[in-house]
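Novice: Mind docking chain B on chain A? Use the hints.
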Amino acid sequence: MKLFTFKGGIKPDPNKTRSTQLPIAQAPLVDRYIVPLHQNIGGTPRPIVQVGDRVLKGQRLGDADGWVSAAVHSPTSGTVVEIGPHIIPHPSGLPTDCVVIEADGRDTWIERQPFDLDRATPEQVREYLRDMGIVGMGGAVFPSHVKLSVPRGKQIEQLIINGAECEPFISCDDRLMREQAQEVIQGSVLFGQLVNAGKILIGVEDNKPEAIAALNAAQQQLNAPVDIVTVPTIYPTGGAKELIRVLTGKEVPGSMRSTDFGVQVFNVATVQSGWRAITYGEPLISRIVTISGAVAEARNWSVPIGMPIGSLVKLAQPRTDHDGVIMGGPMMGFRISTDNAPVIKSTNSLIVHAPGLFPPKPAELPCIRCGSCAEACPQELQPFELYWWSRASKFDKLENYKLFDCIECGCCDYVCPSHIPLVNYFRFAKSEIQAEAREKQIADAARERHEFRQARADREKLEKAERLAKANAARQAAGTTLTASGPATASTNPDDAPDISSHPDQASTPIAVDNHPVLDAAAKQAAIAAAAERARLKREQHAVKSGDTSH
Amino acid sequence: MDGILYAIAIMALGGLVLGALLGYASTRFKVEGDPLVDQIDSILPQTQCGQCGFPGCRPYAEAIAKDEADINQCPPGGDENIHKLAELLGKEYKPLSAEHGVEKPKQVAIIDENICIGCTLCIQACPVDAIVGAAKQMHTIAEDLCTGCELCIPPCPVECISMVTVADTPSTWKWHKPGQQRVIPIVPVGNVMRSEAA
Chain A
1 MKLFTFKGGI KPDPNKTRST QLPIAQAPLV DRYIVPLHQN IGGTPRPIVQ VGDRVLKGQR
61 LGDADGWVSA AVHSPTSGTV VEIGPHIIPH PSGLPTDCVV IEADGRDTWI ERQPFDLDRA
121 TPEQVREYLR DMGIVGMGGA VFPSHVKLSV PRGKQIEQLI INGAECEPFI SCDDRLMREQ
181 AQEVIQGSVL FGQLVNAGKI LIGVEDNKPE AIAALNAAQQ QLNAPVDIVT VPTIYPTGGA
241 KELIRVLTGK EVPGSMRSTD FGVQVFNVAT VQSGWRAITY GEPLISRIVT ISGAVAEARN
301 WSVPIGMPIG SLVKLAQPRT DHDGVIMGGP MMGFRISTDN APVIKSTNSL IVHAPGLFPP
361 KPAELPCIRC GSCAEACPQE LQPFELYWWS RASKFDKLEN YKLFDCIECG CCDYVCPSHI
421 PLVNYFRFAK SEIQAEAREK QIADAARERH EFRQARADRE KLEKAERLAK ANAARQAAGT
481 TLTASGPATA STNPDDAPDI SSHPDQASTP IAVDNHPVLD AAAKQAAIAA AAERARLKRE
541 QHAVKSGDTS H
Chain B
1 MDGILYAIAI MALGGLVLGA LLGYASTRFK VEGDPLVDQI DSILPQTQCG QCGFPGCRPY
61 AEAIAKDEAD INQCPPGGDE NIHKLAELLG KEYKPLSAEH GVEKPKQVAI IDENICIGCT
121 LCIQACPVDA IVGAAKQMHT IAEDLCTGCE LCIPPCPVEC ISMVTVADTP STWKWHKPGQ
181 QRVIPIVPVG NVMRSEAA
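Chains as they are written, first to last, in the working numbering: chain A, 1 to 551; chain B, 1 to 198.
Fair warning: there could be bad hints in the mix.
Here are a few chain A residues that sit away from chain B, every Cβ distance over 12 angstroms (derived from the structure) [to be verified]: (1) 120; (2) 140; (3) 454; (4) 467.
Restricting the straight-line Cα-Cα distance to at most 20 angstroms, the calculated cross-link-like pairs of lysine to aspartate or glutamate (EDC-like) are [to be verified]: (5) A/11 x A/436; (6) A/538 x B/112; (7) B/84 x A/436; (8) B/177 x A/396; (9) A/7 x A/206; (10) B/174 x A/439.
Keep in mind the hints are simulated off the structure, nothing from the lab. The beta carbon of each residue, even a glycine, is placed where N, CA and C say it ideally should be.
For reference, chain A alone in the conformation it holds in the complex (with noise of 0.2 angstroms):
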């Protein structure tokens, strides 16, 4: 098969065989699992459990929230003890809510029941999909039903799944390729009948033989209608438009869609859990984690999806001297900020940190022109552009160097000879916009709804004063003619006063034609004053209960 190249890349270490000796090991139970609600890209998932409720193995804990969303799953039987805000990987640090669950440790599953395929419509698979918690496992955390849904007109001529893995370090999906390849290529094949794939192309890098020769067994064992392509290890081809370009040609622009271009790209471990909850009725829960960096023994996990970082890096027996850990890879991972931060769905690698592990970044240097960083941009961007006017806080110029192009794979920051951190420039400027982007959308939501109420006070008032001028009339009427339909038309109108007069500053209008709107006003002044006594006293009760139970 012709394969096309796409430009710039870089070759660092690989750094995968250490983690690529042993088979994958399954994570002991421990005592608590910290599930985060939002894990996915789209909207948080709504709890749908209580503290104190018992759960079984992969029962649901939150429902998807909109269409752009995953449910997400109990990894093992125990109870709800609490749901609350903890610290989740990420380079916030920042907690969020996530439901916390004691386990019981029998592990008991609920009851499973492989989905029926043939009876379904394409539209019922995809809403199982998303309440199975399938998303994508490459570190997108796109929810994959969304990605499953081709839009009207477009054909998938091409499902590429991607085994290309090319960050360092990382080999958690190298491992699963060796060892469940059938499943994978199963998998591939489902994913490829719900889009009507054309072609279903797997794409892994010549640097995983064994997995590659596992995959090719499988593939003929299966006889199945899919490609194993073997692609040159240039970093970043597992990005999912560097691997479009390497195996069709297609080059997807940044305001497209790759479906349309007639291709869609899911990640190998993405496919088997898809795989697994339609064949055997499994939820995502679990996923497999590459321990490596400054540890006894690197190695990969499945490790259920809430188990705490700190437990599971334990496992791998960390150089005393280590001194953090990194979620990721060293091109694109992140620091994590404490070890009780749970394993989620993203969770590909942990590299234990240590110092000597990684050489210490030299310190930055002006920006000298040279062009290397557009040369290594996978994207075909001009880093050294984005920077200046990032560094200048020129938010708007960044927009016609197609800031949002960058997957921040990292390249540019690699080659640069003055150790400028590119990427964080480009995080920082990107986070910015986004910011601005999302006051600007409350700042017209609340001109839009402070106009409406202008524009319905006005028409109050307008109503108010017709309402005024028919009375006057009819009071007229009344008064000059007496005739006997003249009383009938007046006594309505009291009706109507009081009714106004329930808008205090409308009170002083003059609309008190009779006594009683002033009676009622008074009245009410009583009766708020009362109200405001009692509340005071409820509220110094209150602080009084309080500074006992502080004492």
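Specialist: Quick look at chain B alone, frame taken from chain A:
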């Protein structure tokens, strides 16, 4: 002699045609309202808090456009907005005027529902209809809609409304700008000259 008459006639005709064209364009492409006010209004934070001394963001924007108000009277917009307004209007930046208030982190109002008596006064004060409730029914504030203007606090007869700062979450958190320490310091040229002179 003829030549000059022709010239005058041609110029007059040209003037007439172009004048008619301009007259037509001014009615055909008439811009409703003042586009500058819209631009200023889009920069303002829309809290509608009135701290600037005007009854809302739009009136303040109109006042700025007419040069009746200064650009540094909006505490919720803060320093950033003053810079943006200065850039838009070609004016000089000036720090936030202290008499109008201080810049605070984003806050939202919270009603203590145990104390609320359901008087509806705060509902009438809220400029963006963010408070839900009815007479003698407990009120509550839709946090997402609250702009943090604090206008509901003074009318409350039982002081049950308090302001809380909105905490960052992983999805709203922003990356910090990377440190700017450099190995080769860049010395401003002005300083060098001054030190030489001294």
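Novice: It remains to establish, for every hint, whether it holds in the given structure.
Specialist: Against the structure, the hints:
1. Every Cβ of chain B is farther than 12 angstroms from the Cβ of residue 120 of chain A; the closest lies at roughly 33 angstroms, confirming the non-interface assignment.
2. Residue 140 of chain A, annotated as away from the interface, keeps every beta carbon of chain B farther than 12 angstroms; the closest lies near 15 angstroms.
3. Its beta-carbon lying about 8 angstroms from the closest one in chain B, residue 454 of chain A breaks the requirement of being farther than 12 angstroms from that chain.
4. Its beta-carbon lying about 20 angstroms from the closest one in chain B, residue 467 of chain A satisfies the requirement of being farther than 12 angstroms from that chain.
5. The hinted pair formed by residue 11 of chain A and residue 436 of chain A fails the criterion: a straight-line CA distance of about 37 angstroms is larger than 20 angstroms.
6. Using a Cα cut-off of 20 angstroms, the hinted pair residue 538 of chain A and residue 112 of chain B holds, with the two alpha carbons roughly 12 angstroms apart.
7. Between residue 84 of chain B and residue 436 of chain A the alpha-carbon distance is near 13 angstroms, which keeps this suggested pair within the 20 angstroms criterion.
8. Pair hint residue 177 of chain B plus residue 396 of chain A holds up; C-alpha atoms about 17 angstroms apart against a cutoff of 20 angstroms.
9. Pair hint residue 7 of chain A plus residue 206 of chain A holds up; C-alpha atoms about 19 angstroms apart against a cutoff of 20 angstroms.
10. A hinted pair counts as satisfied when its Cα atoms are at most 20 angstroms apart, and residue 174 of chain B with residue 439 of chain A qualifies at roughly 13 angstroms.
Hint compliance for this structure: hints 3 and 5 are not met, and every other hint is.
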